[in-house]
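Engineer: The primary structure of each chain is shown beneath.
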Amino acid sequence: MLKLSLSDRVFRIVNHLFLALMAFLCILPMVHVLAVSLSSDYATTSYLVKFWPIGFNLDAYKTALDSNNFIVAFKVSVLRTLGGTLLTMFLTMLAAYSMSKDDRYFKGRTLYAWFFVFTMLFHGGLIPTYLVVQKSGLTNSIWALILPVAVNVFNVVLMMNFFRGIPKELEEASMIDGAGHFRVLFTIFFPISLPSIATLSLFTMVFHWNSWFDGMIYMNQADQFPLATFLQALIAGFDYTKIGLNPSDLEQLSERSLKSALMFIGIFPILLVYPFFAKVLR
Amino acid sequence: MKRHRRAVKALAGIILCMSIIAGCSSNNAKESQTSEASAQPSASASASPTASASSTASAAPAETQETAFTKFDPPVTISAAITLRPSDKLRFGDTTENNPVTRWLSENLGIVTKFQWVVTDTAAFETKVRLALASGEALPDVLYTGGSLLEELIDSGKIQTIDEAYEKYASPRLKDLYAKNPAVWAMAKRDGKIIGLPDVSNGVVGNKVMWIRQDWLDKLQLKAPTNVEEFEKVLDAFTNQDPDGNGKKDTFGMAFGANTGYHKPTNNYMADSEFLFGQDQPYLWIKGDDGQLYYGANSPNVKKGLAKLNEWFNKGYFNPDFGTMDAAQAMADFTSGKAGIAMAAGWAGGWPIGTAVQEAKSKNQTLNIKPYPIPSGITGEVGRQESQPSYGTYVFRKGFDNMEAVFKYYDTMYGCLIEDPKCPFAIGQGEGYDYVMKDGKPDWKDVPGGLVSLSRYLIFPSNGTAPTNVMDGPSIYQRVAAGKLDNVFEQKLAASNDSLAIEGFSVAYQQMDKDVKNGFYGANTPTMKEKWEQLNTLEDQAYLQIIYGKKSLDSFDTFLKQWHEQGGTQITKEINEAVSKMK
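Protein sequences appear in the order of chains A and B. Numbering (the working numbering) for the first sequence: 35 to 316. Numbering (the working numbering) for the second sequence: 1465 to 2047.
Extracted from the complex, chain A is given alone in its bound form:
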């Protein structure tokens, strides 16, 4: 163990305290949401709840889990996250592997590279994108949530650079032993680049879990909405200038516990993913 000078030690302690405080600040809002979700209607609408539930009850969770749409939407979200991440990682690795090769081995590499980078710089915009998805007949299917976002060029570039850092000798040696490109990619490159793959998978998963806009525009059936689309509508809040005759509008005003419960269940699975990935990243 390295010997630390006094000032070093003081710095360390202060630093750790500071970082712990920051981490604590990040957790507080979640604690608040959890507390609200477990509190009574009166306590939440009177803004009495801070970080500890008042009038503890689980009604909000019961309502959430008992509803028609929530569980279905949850399943759609899980499916798109898993399916989307697998597909994305597969395609990303394929693209990154081929483009990590030198121009001498892969003729026209620059052209392909530009083909990808071009999409990073220029977008079709909302309506053309929608038209493409619609005319391909993807609307109302889970593929509309997966295919249009299957390749993220930024991720491809990241992974390409990672692959480039792998010594060429490894690849050559396995080639000599008779391995083809796929074998090299999946048995040599894959295990070596696990940390980067894990990182990108995590990004992709979080992205898929949180995307709400595509669900909103491509889906027309209640059983196809991802959870994030529903949650966004909850969080976007109620437009008070539009209060009308409908009692269900008023219901919405008073549903802070329920909203918080939905939000909490909504973030929970993706929170669970982090520690799991932390193992690989270490």
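For the record, the hints were derived by calculation from the structure and aren't laboratory data. Keep in mind that the hints are not guaranteed to be accurate.
No more than 16 angstroms apart at the CA atoms, straight line, and that leaves these computed lysine to aspartate or glutamate pairs for EDC-like [unchecked claim]:
1. B:1553 <-> A:205
2. B:1553 <-> A:257
3. B:1683 <-> B:1655
4. A:96 <-> B:1552
5. B:2014 <-> B:1785
6. B:1978 <-> B:1845
7. A:135 <-> A:205
8. A:169 <-> B:1601
9. B:1639 <-> B:1875
10. B:1697 <-> B:1682
11. B:1653 <-> B:1682
12. B:1802 <-> B:1706
13. B:1653 <-> B:1616
14. B:1553 <-> A:100
15. B:1905 <-> B:1954
Starting from the known structure of chain A, fit chain B onto it as the hints suggest.
Structural biologist: Relative to the frame of chain A, chain B by itself:
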């Protein structure tokens, strides 16, 4: 930013408050429509022998006979959009298109409900419509909308004018409804043509009453104030005479939340101070003596009102954080015993006031809150902002030709609002949802699993109460508040609403003639689109700074001058032009 944009839209009067409803027609809907189109005339002609037979019998029952349930055969499909929320619960295996209300419609009227679009909120619905317009995708048959989206739909040429259908199919009582509420046509007529059916509000839903801590009043031996001077006395007593008796000076006279999210600091949906301005309401377009509309802030009485608020702020009559508190937070001050008076609509008697009263009861605490008519304002006149006459318009896709079914549907649902005994949902929308039968009698309270409203599955909703001007005598809220429980509508209202909410609405009805009307509910004019947001922010800050005393009262004149120079004059001109066009 998002919030701001929303606020602009709101000002333009886009009101989509009932669950979004929009029509839709997928391919099979279209097919059935074409086949039905040909079958329809015969269906309605032979509709029901009893109906045609008895309508010849006498003239008086003709109206009721026309609304008798005649069935379309083969059935007609009407498509729309539906707003769903994650917490929705349908029971007994029902679905959005197959539940008690849609089943009733198809079994009795021969109208099949189809939800082509499912959306999560108003913003999502608007995006969907715009995408469909841009991509040429078929719109649903019926769309419920307003404001700028309505203008876009009109411009797109994708919706139809319905003058002919209205003449032909609208029942006498529907025609009567619109004849008695001509103001709503401002939203649904262009160049004299009817482009949709505006809904007509009950006119009371947002109207403020004064909620007051009766126990505090009693303790300090005060009476509910009826004018500003008395109001001030009560404020002073509630602030300084320790009404909660805890020995600390920790109470405020009134709950005031000026952070509205749409730049109208003195006009919130709860806990605001609009009564103070009497008949000179800021933020509204008010008709001047010359018949032209002017913006509310131009009245000198607005300035006086702000001066009064500043005085009250200096005396500590409301929470010093009012500038950052939204309506719900300010109301929380009231319900948790920190403030003694709150201005809020009748429904506040259910939530949040009703919730608080129940909570207090369960803990054996005293919390006695009562609604009173609002006191007169700074000029001695009573005034408050009116509820909007209409919250949206139903428009119909071009090419949709089942308008007869639409009017039948609409008329049936209208019957439920005006307490027609024939209303299919008089008792409730679905057994096991909003009522259960017990010993042959409906029970609206103890539904296993809790009350669930099925209104969102109706294209034309039936909830709410009678629109303005159509029913003689006291409103249903006033009748129920007076203890009348004769018909099933009254019994249902009494059983399914908080008594305080009923009382609140009933009090609100007492001052209907004091409502200040807004002269403009259309979409944003061109200059508004550019500058309205900025002008609103300017106004918001001017008011807040004056109330907080950061700026002198005279700065109000500077604000007005700026307002006019930065586009206000032009906007006033455009609004007056737009209004003359809507006629």
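Engineer: Would you mind marking each hint as holding or not holding in the structure?
Structural biologist: Evaluation of the provided hints:
For the suggested pair residue 1553 (chain B) and residue 205 (chain A), the alpha carbons sit about 57 angstroms apart, so the restraint of at most 16 angstroms is broken. The straight-line distance between the Cα atoms of residue 1553 (chain B) and residue 257 (chain A) is roughly 13 angstroms, inside the 16 angstroms bound, and the hint therefore holds. Distance check on the hinted pair: residue 1683 (chain B) and residue 1655 (chain B) sit about 60 angstroms apart at the alpha-carbon level, beyond 16 angstroms; violated. With a C-alpha separation of about 12 angstroms, the suggested pairing of residue 96 (chain A) with residue 1552 (chain B) holds against the 16 angstroms cut-off.
Using a Cα cut-off of 16 angstroms, the hinted pair residue 2014 (chain B) and residue 1785 (chain B) holds, with the two alpha carbons roughly 14 angstroms apart. Taking the CA atoms of residue 1978 (chain B) and residue 1845 (chain B), the gap is about 9 angstroms. The hint holds against a cut of 16 angstroms. Restraint check: the Cα-Cα separation between residue 135 (chain A) and residue 205 (chain A) comes to about 11 angstroms, which is no more than 16 angstroms; the hinted pair holds. Simply put, residue 169 (chain A) and residue 1601 (chain B) have alpha-carbon atoms about 10 angstroms apart, close enough for the 16 angstroms limit, and the pair holds.
For the proposed pair residue 1639 (chain B) and residue 1875 (chain B), the alpha carbon gap of about 10 angstroms is at most 16 angstroms, so the pair holds. For the suggested pair residue 1697 (chain B) and residue 1682 (chain B), the alpha carbons sit about 14 angstroms apart, so the restraint of at most 16 angstroms is met. Proposed proximity of residue 1653 (chain B) and residue 1682 (chain B) is contradicted: the alpha carbons are some 52 angstroms apart, above 16 angstroms. For the given pair, residue 1802 (chain B) sits about 11 angstroms from residue 1706 (chain B) by alpha-carbon distance, which is consistent with the 16 angstroms threshold.
A hinted pair counts as satisfied when its Cα atoms are at most 16 angstroms apart, and residue 1653 (chain B) with residue 1616 (chain B) qualifies at roughly 14 angstroms. For the hint pairing residue 1553 (chain B) with residue 100 (chain A), the CA-to-CA distance comes to about 7 angstroms; that is within 16 angstroms, so the pair holds. A threshold of 16 angstroms between alpha carbons decides the hint, and for residue 1905 (chain B) with residue 1954 (chain B) the separation of about 14 angstroms falls inside it, so the pair holds.
The structure fails to meet hints 1, 3, 11 from the earlier list, while all remaining hints are met.
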